[in-house]
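Engineer: One-letter residues, chain by chain:
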Amino acid sequence: MSIQTGAAWVDFASSRLARYKLFNGVNWGRFAVISVPTLWLGIFFFVPFLVVFKISLSESAIAIPPYTSLLDWDLEEAYINIKLNLGNYLYLFEDTFYLEAYLSSVKIAVISTFFTLLIGFPIAYLIARSKPSTRTLLLSLVILPFWTSFLLRVYAWMGLLKKNGIVNEFLLNIGIIEQPLTMLQTDFAVYIGIVYTYLPFMILPLYTALEKMDMTLLEAAEDLGARPSISFFLITVPMAVPGIIAGCLLVFIPAVGEFVIPALLGGSDTLMIGRVLWDEFFLNRDWPMASTVAIVMLVVLVLPIMLIRNSQGKEEGV
Amino acid sequence: MNLSQNNSQLVPAALTSTNLPLWKQEGAEPFLRIENITKKFGEFSAVDNISLDIYKNELFCLLGGSGSGKSTLLRMLAGFETPTSGRILIDGVDMSGIQPWKRPVNMMFQSYALFPHLSVEENVAFGLKREGIARSEVKQRVGEMLELVQMSHLGKRKPHQLSGGQRQRIALARSLIKQPKLLLLDEPLGALDKKLREETQFELINIQDELGVTFVVVTHDQEEAMTLSTRIGVMNHGEIVQIAEPHDVYEYPNSRFVAEFVGSVNLFEGRVIEDEPDRVRVQSKEAGGMLYVSHGISCAPNQKVHVALRPEKIRISSKQPPQNENCIHGVIEEIAYMGSQSVYRVRLASGMEVRVTQPNFARDMDERFTWQDQVYLFWEVGSSVVLTS
Chain S
3 MSIQTGAAWV DFASSRLARY KLFNGVNWGR FAVISVPTLW LGIFFFVPFL VVFKISLSES
63 AIAIPPYTSL LDWDLEEAYI NIKLNLGNYL YLFEDTFYLE AYLSSVKIAV ISTFFTLLIG
123 FPIAYLIARS KPSTRTLLLS LVILPFWTSF LLRVYAWMGL LKKNGIVNEF LLNIGIIEQP
183 LTMLQTDFAV YIGIVYTYLP FMILPLYTAL EKMDMTLLEA AEDLGARPSI SFFLITVPMA
243 VPGIIAGCLL VFIPAVGEFV IPALLGGSDT LMIGRVLWDE FFLNRDWPMA STVAIVMLVV
303 LVLPIMLIRN SQGKEEGV
Chain D
1185 MNLSQNNSQL VPAALTSTNL PLWKQEGAEP FLRIENITKK FGEFSAVDNI SLDIYKNELF
1245 CLLGGSGSGK STLLRMLAGF ETPTSGRILI DGVDMSGIQP WKRPVNMMFQ SYALFPHLSV
1305 EENVAFGLKR EGIARSEVKQ RVGEMLELVQ MSHLGKRKPH QLSGGQRQRI ALARSLIKQP
1365 KLLLLDEPLG ALDKKLREET QFELINIQDE LGVTFVVVTH DQEEAMTLST RIGVMNHGEI
1425 VQIAEPHDVY EYPNSRFVAE FVGSVNLFEG RVIEDEPDRV RVQSKEAGGM LYVSHGISCA
1485 PNQKVHVALR PEKIRISSKQ PPQNENCIHG VIEEIAYMGS QSVYRVRLAS GMEVRVTQPN
1545 FARDMDERFT WQDQVYLFWE VGSSVVLTS
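These protein sequences, in sequence, are chains S and D.
Just so it is clear: in the first sequence, position 33 is 35 by this note's numbering, and no numbers are missing.
Just so it is clear: in the second sequence, position 279 is 1463 by this note's numbering, and no numbers are missing.
Treat the hints as calculated values from the structure; they're not laboratory data.
Note that beta-carbon positions come from the ideal geometry of N, C-alpha and C, so glycine has one too.
One or more hints might be untrue.
Chain D side only, calculated, beta carbon under 7 Å to chain S, not exhaustive [to be verified]: (1) PHE1264; (2) PRO1284; (3) ASN1290; (4) ALA1297; (5) HIS1301.
Only part of the chain S face toward chain D is listed, based on derived beta-carbon distances under 7 Å [to be verified]: (6) MET215; (7) THR218; (8) GLU221; (9) ASP225; (10) PRO306.
Let the sequences and hints guide you as you build the complete structure.
Structural biologist: What follows is the structure, encoded as structure tokens:
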């Protein structure tokens, strides 16, 4: 009797399994291909995310590591105690400092993204419209800064912007200003740093979108009575929209969480969430609070962007 | 648009309005005048000193292979290229220095160039909106135009949701909406399959007739040029080698290039023996004897010429025909049965291969040929043409 039900169960299970294409043999190749990036994402994104999430639910403690564990148990008393601390999340809303830091980060990121787009679009346009031979040269010039360390380039800006730096010296020498300008340790320096650093991330997707645009569309627009300035806004810009979105996301997302640039170029009053995170982590040694800040940033900023991107992809049938 | 309309309506207005077409009338004003136009790219002349008059309501075809300069000429009419020298007059107005967006000309692009981010209606309305026409009028005219090309039901779609034939109609509607005096069409039917192409070319003629627009069509397809046009300009190496009505281009080509480019042809090389008043006698080694041609251009005795003979003008028989003139003898080497007609390749004693096509009149032909059959080829004295160049 029991053997029969056992066999029946095996039958049932295998028929269920057969329904999953995964086990049909045919798709093993596909499975193998997909599994690599899935595994990668799982190990290097999802697991760390869970770890950070776990830490955010604990309490800060003077210990190694500096937080309490969520679980504690006593086998003799036979209990498992799960202690989830939501206090960090509540505190995030109670203390307006964090909200201000988030808003300030978003503001700085939005303004820098706007200027990156403003500067990046003409550059990308120029590259896309130049001769194929010049194009390669110009593109490599865009990528060239990546050959130098990012930190070095930010330090170079410090040398340019400081009180007795090159820019001030130059302006003093040609007599435009009489007193050196305070540029370093201001928001202005932060904007310069972010725009400069992330410009290639804007140019490259814009270039891709503009380069594959069919030039006869512009001729068609001209033929129908649109002068070049009008056909630029009616044809070229709409055709570049996928590049604009990609470029803006590539600049905006890392700019929100940017830490190095505000730390080196910004003043003490430049408030950015990346800096708050750093301070919580290393100065206050409050790992749970730092983790909470990170998780909320991810949920509040990145998830909506991902959803927008996803729905757009569906709309375009990509 | 209705294909069952009687045949006379398929004839362009230019032919019916007067007894003689405009281009045959003395002193008729051309609508489009191209004067000594040259376009050089570096040292290379894409268009080499072309002069051409095109008249109102004409459907003029520029026919040529790739690199013949036909597209460059069209782009100069649209204003996308500036001529190196010469000028273009449209309705008497010199177009030099006039920007594309100010010309009374519209163009239908080979790739159609529909704006992918705009709907069909917005595509068609694009030209009108640039003129600042009231929204209600734009809407009405777009509706009428979509009706004309039978696309009213697809107005909300995006170009990528349309088939090739539908896109072609939208491109046509878009280029006609501004009621241009002159419409330029770059390979208008090139991207369509054969069946659709045949239907569409008649619709194109109907629309042209209905709206009274002058069409200049660029094509490499001689069949398309034949059926569409009032006149054809055959282009080669940046020059127009012949301008004539379709019938004349085919029956009376003026050079070996035209004869070979338009349709297929057999060319016999020979020497003029005598230029008689009503015919020319040509001695041809290739044909293996004397050839008699009634239509010829004046030529001197002993001049080297080519006698051009279309494959369908040759008759083929296994028996010796009664006529002695224009009769040659050969062996069938290849036969291709094509349904409506059969093509024979006949090898002459000189080694030359002659192409002969015969319509298959009856389902079962009395006389069926097979490979290696000895046959006689013969034709009327008026069937061939003497070419000196």
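Engineer: Work down the list of hints and note, for each, if the structure agrees.
Structural biologist: Hint-by-hint comparison with the structure:
no. : hint    : in the structure
1   : PHE1264 : holds (6 Å)
2   : PRO1284 : holds (4 Å)
3   : ASN1290 : holds (6 Å)
4   : ALA1297 : holds (4 Å)
5   : HIS1301 : holds (5 Å)
6   : MET215  : violated (10 Å)
7   : THR218  : holds (4 Å)
8   : GLU221  : holds (6 Å)
9   : ASP225  : holds (5 Å)
10  : PRO306  : violated (24 Å)
Going down the numbered hints, you'll see the structure goes against 6 and 10, while the others check out.
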